[in-house]
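Quick mapping for you: the protein sequence lines, in order, are chains S and C. Numbering-wise (numbering that gives the first Met the number 0), the first sequence opens with residue 0 and increments by one. Numbering-wise (numbering that gives the first Met the number 0), the second sequence opens with residue 0 and increments by one.
By construction, these hints were calculated from the structure, which means they are not laboratory data. A couple of the hints might just be wrong.
Below are the DSSO-like pairs computed for lysine-lysine, each with C-alpha atoms no more than 30 Å apart in a straight line [what the hints assert, rightly or not]:
1) C:K184 to S:K94
2) S:K190 to C:K184
3) C:K244 to C:K67
4) S:K190 to C:K97
5) S:K101 to C:K184
6) S:K51 to S:K15
7) S:K94 to S:K151
Take a look, some chain S residues computed to stay more than 12 Å from chain C by CB distance [said to hold, decoys possible]:
8) Y54
9) G90
10) E147
11) A182
12) A189
13) R263
By construction, the Cβ of each residue, glycine as well, lies at the ideal position given by its N, Cα and C atoms.
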Amino acid sequence: MNSIFAKRRARLLAMKAIRDNYVPSGRLVSCPHCGQESERKAVAQGLSVCPKCGYHFPIGAYYRLSTILDPGSFRELHEKLPAGDPLSFPGYREKLSAAQRKTGLTEAAITAAGAIGGCKCVVGVLDSRFLMGSMSAAVGEKITLAIEYAAKNKLPLVLFAASGGARMQEGILSLMQMAKTSAALARFSAKGLLYISVLTEPTTGGVTASFASLGDIILAEPGALIGFAGPRVIQQTIGQTLPEGFQRAEFQEKHGFVDAVVPRTEMRDTLSQLLRLHQRGGLS
Amino acid sequence: MNIRTAAERVAIARHPQRPHITDYIQALFTDFFEQRGDRLCGEDPAVLGGIALYHGRPVTIVGTRKGKTLEENLQCNFGMPNPEGYRKALRLMRQAEKFRRPVITFIDTSGAYPGLGAEERGQGEAIARNLMEMSRLTVPVIAVITGEGNSGGALALAVADRVLMLENAVYAILSPEGFASILWKDAARHGEACELMHLTAPDLLRMQVIDGVIPEPAGGAHTAPTAAMRTVDRCLYRHLAELSKESGATLAAARYQKFRRMGAPIQSGQKEEL
Chain S
0 MNSIFAKRRA RLLAMKAIRD NYVPSGRLVS CPHCGQESER KAVAQGLSVC
50 PKCGYHFPIG AYYRLSTILD PGSFRELHEK LPAGDPLSFP GYREKLSAAQ
100 RKTGLTEAAI TAAGAIGGCK CVVGVLDSRF LMGSMSAAVG EKITLAIEYA
150 AKNKLPLVLF AASGGARMQE GILSLMQMAK TSAALARFSA KGLLYISVLT
200 EPTTGGVTAS FASLGDIILA EPGALIGFAG PRVIQQTIGQ TLPEGFQRAE
250 FQEKHGFVDA VVPRTEMRDT LSQLLRLHQR GGLS
Chain C
0 MNIRTAAERV AIARHPQRPH ITDYIQALFT DFFEQRGDRL CGEDPAVLGG
50 IALYHGRPVT IVGTRKGKTL EENLQCNFGM PNPEGYRKAL RLMRQAEKFR
100 RPVITFIDTS GAYPGLGAEE RGQGEAIARN LMEMSRLTVP VIAVITGEGN
150 SGGALALAVA DRVLMLENAV YAILSPEGFA SILWKDAARH GEACELMHLT
200 APDLLRMQVI DGVIPEPAGG AHTAPTAAMR TVDRCLYRHL AELSKESGAT
250 LAAARYQKFR RMGAPIQSGQ KEEL
């Protein structure tokens, strides 16, 4: 019985991951970083990393999950949580519908229970294709529910951030999600549970200034833009051009805000290792 | 209360003569001792903090400082804190918890400073840490938004049991100019943004984002500062008396629940699939 469900779940995630596949159609894909063209198949097989320069293409949430979860372990959480328009902001509903049509997602966050390398865990992923992965009330709620689910079931938590920051159209309620998610993590942490935060392109604004920066362990994908204020705002403020590599993952590692920069191809193994290292305390 | 447009309130909130944190400290507290430094690497004058007596009782005060003269403005970076400011604030709040002092914060900032150094020293991390730690403080925390409260830079001092706003203060995700420029690529449409953002005290009270509105004299707090201070004092005193009856654990639990509810669809907070 169990294996039938597992197979079905594996198939479900595989289907969603394919739909998510971010690599544009056509036989050749050109890399926005090095400008060189590669076979579409080679890029897709290499987890959407440019075979020439190692640039990490942004990827969708289900595809991300399919690259790290054990086959058949995927079980989506709070799938039906709806998107909202709390301020009745003009034109926002249309924007939401357009994003939903484009991505097949209801909102910018997907959360799931699953396993990595045999270790059970809860994983949340933001999807930058959905209104820049911005933090709406629904995103904040979904992340918080995932944190609470992990706390209740004593499971480690892995969150992949990919967000331009606040969802403007939800105003102050977007801001409040920063407090809500951070407070939920305080409770989670007090239970002695592990939270791994993975920062991907881009992690900025309110997401950086809340759950993304609060991991016990913080990993980042190579080249990811990570910061509080966006580069454009900083440039306007200080009136000079920013140094090369400013706010990139490697910069954040150098300045002490990231434990390790981990390429996508090694992410699964790294997470698996970290989860194993936390399976029991050193004193027990 | 007066009926004003959101844009009019923004103008009053930014009025140069509007009372500053130093005015509040002088009018409402005695024996103020300023504490400086984050004990990690620096001191940020954009955040002012210390210990004082409030009606004879020790409290910790933390708040953003804009400065009154141009020289002070420059020194205080126009009230836009760097990470050191937030880390100092956290240090003082933890100390307040140690010595069982209530925390009172005063907020008037256009936001956290978006500078090169601020990014290098972890502005995002500093704010995030404050949100997390404030949510579980076991002493009463009251935040008073006196002027502008913008972005995570304001929220980092406002995870409080009671968030109070002066009648003409504003509290928002970012400045109306920034909002208009992000959403419509046109900062000149800030007037329009003001009306859509729900950033006024009455709006936010209705949305249960804040817990109370402190009335101002008819022309705004700057037109009759003494009267304004008296009202602030009365409100603060009442809320502090209420909170002081609760145990630390009860306070932290209630504070958690208050923020937990924000933006949650009805009932979904309790429901769990699977």
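Checklist entry - Quick check: which numbered hints come out false for this structure? => result Hint check: 2, 3, 7, 9, 10, 11 and 12 fail, others pass.
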